[in-house]
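Residue numbers (my numbering), protein chains in the order written: chain A, 1 to 107; chain B, 1001 to 1493.
Please keep in mind that the hints were generated in silico from the structure rather than gathered at the bench.
Possibly wrong hints are sitting among the right ones.
As the list claims (entries may be wrong) - Calculated lysine-lysine pairs in the DSSO-like style (CA-CA distance at most 30 Å, straight line):
no., chain 1, residue 1, chain 2, residue 2
1, B, Lys1122, B, Lys1212
2, B, Lys1133, B, Lys1212
3, B, Lys1026, B, Lys1015
4, B, Lys1133, A, Lys51
5, A, Lys51, B, Lys1134
6, B, Lys1069, A, Lys80
7, B, Lys1425, B, Lys1240
8, B, Lys1069, B, Lys1253
9, B, Lys1096, B, Lys1328
10, B, Lys1243, B, Lys1096
11, B, Lys1425, B, Lys1328
12, A, Lys23, B, Lys1096
13, A, Lys44, A, Lys79
14, B, Lys1015, B, Lys1240
15, B, Lys1069, A, Lys79
16, B, Lys1069, A, Lys51
17, B, Lys1253, B, Lys1026
18, A, Lys51, B, Lys1096
19, B, Lys1212, B, Lys1176
Stated by the list, open to error - Chain A side only, calculated, beta carbon under 7 Å to chain B, not exhaustive:
no., residue
20, Gly9
21, Gly10
22, Cys11
23, Phe49
24, Ala70
Cβ atoms here follow ideal geometry from the backbone N, Cα and C, with glycine treated the same way.
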Amino acid sequence: MRVGVKFCGGCNPRYDRSGELDKILSHFEKDSDAFAADHAEKGKALFGFAKEGGAYDVLLVICGCNNQCASTDDYTFGKKISIGETGNIPMVVRLITEYRDEEAQGA
Amino acid sequence: MALMTGAEYIESLRKLNTQVYMFGQKIDNWVDHPIIKPSINCVAITYDLAHDPEYADLMTATSNLTGNKINRFSHLHQSTDDLRKKVKMQRLLGQKTASCFQRCVGMDAFNSVFSTTYECDKVHGTHYHENFKKYLTYIQDNDLIVDGAMTDPKGDRGLAQGAQADPDLFVHIVEKREDGIVVRGAKAHQTGSINSHEHLIMPTQAVSEGDKKYAVAFAIESDAEGLFMVYGRQSCDTRKLEKDADVDLGNKKFGGQEALVVFDDVFIPNDRIFLCEEYDFAGMLVERFAGYHRQSYGGCKVGVGDVLIGAAALVADYNGAQKASHIKDKLIEMTHLNETLYCCGIACSAEGYPTEAGNYQIDLLLANVCKQNVTRFPYEIVRLAEDIAGGLMVTMPSQADFRSDLKIPTKSDLSLGEWTTKFFKGVADVPTENRMRILRFIENIALGASAVGYRTESMHGAGSPQAQRIMIARQGNLAAKKELAKVIAGIVD
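Start from the sequences and build out the full structure, keeping to the hints where you can.
Structure below.
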């Protein structure tokens, strides 16, 4: 499963967005030890920065505030997870795990 | 061509033959000159952040002219969302540089020339809009920096362009040829002009029919024949020439830049002309550029303010004063003022609207209110920063003293560095140098080289305070407000 990571522009972030990403990634270390996924692998959540025109199973949008102004028009994606404040890591991990496992089971 | 990196931008400047003068001399290698270099670094970061996934959402946009990904600074605003993202991008860059990053004037010129040429062509049957679209496509495709240049020297402020004792005090047409025009004059206070690849020249004020030779807009390469620039010196600028200059600079890497740009009979080919004696559109172009640029200040100065507020809070920590209630209250006041400016920048963007040409224009009244606040609030913010910092900001010894091994022949046999480090320590667990660094940073913004951008540019950049008050009077809808009062008060005329 490909997870594309998209940041907002970061004009006045209320928390460390890249630090938050690192914490999320730490929950999926067994899936992939490299943050540069450009392919999908069933049963694994492979992360990489979302590229313009790219297609992703999940688009993870990390915004610095709850305005969540990041544009996602340049991507195609199955599911989108968007966060605008810190403290959402358990929710993000749970959702990505669910999506990964659903995909592995052919759901 | 793909978006340039900062390093590629700096290399591209080396290929230019821009004529630069400073301190009475011609500066051949201006790209590496220690006084100019910080301003080039500022522009370079506008390129680098466009490649960074953490900032690309603000720093890039999709061109409506080509469909390609471009730097947002070369973008024609296609929505109120674009207008808001412009302000957010400017705040971000103010935070990253604590300086004027100089690229906004070009963006604001693009958007105002785009819409004005469209409307001018409709009335006069000219072809400026197509000229400009081709020009902007070239700029976008090559990811170039353009100095949007408006302000003429202006001479006697009580006289119109043509009535000046010296006709060159406003840029004007001196010759019309079949293949183009020849222009003469100068633009003063030009932000980022030296490190721009190109210049986009606009009239500085409305023009009457009798002065129509002053109604001229055009683009020109920065190293064109007959064009030269004189660097504007800044407070404390020669500190950058000192050996191992670091702490005393306050902001070693970044800074702003202004220059006088002189046109001594410069030829402009037809395809780079965007206004040529259509005097009835000079005022529109000025008003639109000023509106966009007054919006800009609701972003860039806020970003610099963010860093200054952080510095004030840090120095309070280093001084051991952070728990004092008046310090906390002053930091709240600084934040309140700063965010009020941001509110204005966002508000005039949110209330934007499409022009006839299709790009989006800000709300003029709110943009002028924004800039009017910018003529005041940064002064109060910096006053509070100075208040929190304490007098040491302007009385402490130099970096050379703090780092000196020179033994002082007294009983303790300590070096000059040891003595100064000992006596200028604040709280015990913070190195004296950290305290010096943050104080020098505040000094830099309050009265050093960056005061040009944070203080006086806040006052006069994008128009002096009275210019905004004139626009507020025009846009304030006073007649409707009188009617509201009459209805409530039961007045029937």
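Hint-by-hint comparison with the structure:
no., hint, in the structure
1, Lys1122/B / Lys1212/B, "19 Å, holds"
2, Lys1133/B / Lys1212/B, "24 Å, holds"
3, Lys1026/B / Lys1015/B, "17 Å, holds"
4, Lys1133/B / Lys51/A, "28 Å, holds"
5, Lys51/A / Lys1134/B, "28 Å, holds"
6, Lys1069/B / Lys80/A, "23 Å, holds"
7, Lys1425/B / Lys1240/B, "25 Å, holds"
8, Lys1069/B / Lys1253/B, "28 Å, holds"
9, Lys1096/B / Lys1328/B, "24 Å, holds"
10, Lys1243/B / Lys1096/B, "26 Å, holds"
11, Lys1425/B / Lys1328/B, "22 Å, holds"
12, Lys23/A / Lys1096/B, "25 Å, holds"
13, Lys44/A / Lys79/A, "16 Å, holds"
14, Lys1015/B / Lys1240/B, "25 Å, holds"
15, Lys1069/B / Lys79/A, "25 Å, holds"
16, Lys1069/B / Lys51/A, "12 Å, holds"
17, Lys1253/B / Lys1026/B, "24 Å, holds"
18, Lys51/A / Lys1096/B, "24 Å, holds"
19, Lys1212/B / Lys1176/B, "13 Å, holds"
20, Gly9, "3 Å, holds"
21, Gly10, "5 Å, holds"
22, Cys11, "4 Å, holds"
23, Phe49, "4 Å, holds"
24, Ala70, "5 Å, holds"
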